[in-house]
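Participant: Let's have the full structure, built from the sequences with the hints guiding it.
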Amino acid sequence: AAKMVYYLDPSSQKRAIELATTLDESLTNRNLQTCMEVLEALCDGSLGDCKEAAEVYRANCHKLFPYALAFMPPGYEEDMKITVNGDSSAETEELANEI
1 AAKMVYYLDP SSQKRAIELA TTLDESLTNR NLQTCMEVLE ALCDGSLGDC
51 KEAAEVYRAN CHKLFPYALA FMPPGYEEDM KITVNGDSSA ETEELANEI
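The sequence shown: position 69 = 69 (the UniProt record's numbering), numbered continuously.
Note that these hints are calculated values from the structure, not bench results.
Positions of the beta carbon are idealized from the N, C-alpha and C atoms, including for glycine.
Keep in mind that the hints are not guaranteed to be accurate.
No more than 30 angstroms apart at the CA atoms, straight line, and that leaves these computed lysine-lysine pairs for BS3-like [to be verified]:
1) Lys3 - Lys14
2) Lys63 - Lys3
3) Lys51 - Lys14
4) Lys3 - Lys51
5) Lys63 - Lys14
6) Lys63 - Lys51
Label-pair ranges, simulated between beta-carbon atoms [to be verified]:
7) Asn29 - Lys63: 14 to 24 angstroms
8) Leu69 - Leu8: 28 to 38 angstroms
9) Asp44 - Glu18: 12 to 22 angstroms
10) Asp9 - Leu69: 26 to 36 angstroms
11) Ser11 - Met72: 14 to 24 angstroms
Facilitator: So, in structure tokens, the structure goes:
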């Protein structure tokens, strides 16, 4: 619905973003898949240029779904690197072969 609001009237971007990013508990379709689709729409320009709103939404979704990779904070990959003997350049396939 938010995409259509923005498509029909680009000047209503703020309203469209508010509509898309509402995460009230009263929503019946507040699930991982829907939240991922909203974040994708925010990031791919379907609702105009809204990088700041996308980051706020990502952070709010991360609170709801703390283990979902889609909502992890920027740079989480660096924190999750596995090191082998102090070497973080090893590929995951190489790690599996060593086990």
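Participant: Hint by hint, note whether the structure agrees.
Facilitator: Tested hints:
no.	hint	in the structure
1	Lys3 - Lys14	holds (12 angstroms)
2	Lys63 - Lys3	holds (24 angstroms)
3	Lys51 - Lys14	holds (13 angstroms)
4	Lys3 - Lys51	holds (16 angstroms)
5	Lys63 - Lys14	holds (23 angstroms)
6	Lys63 - Lys51	holds (19 angstroms)
7	Asn29 - Lys63: 14 to 24 angstroms	holds (18 angstroms)
8	Leu69 - Leu8: 28 to 38 angstroms	holds (33 angstroms)
9	Asp44 - Glu18: 12 to 22 angstroms	holds (18 angstroms)
10	Asp9 - Leu69: 26 to 36 angstroms	holds (34 angstroms)
11	Ser11 - Met72: 14 to 24 angstroms	violated (34 angstroms)
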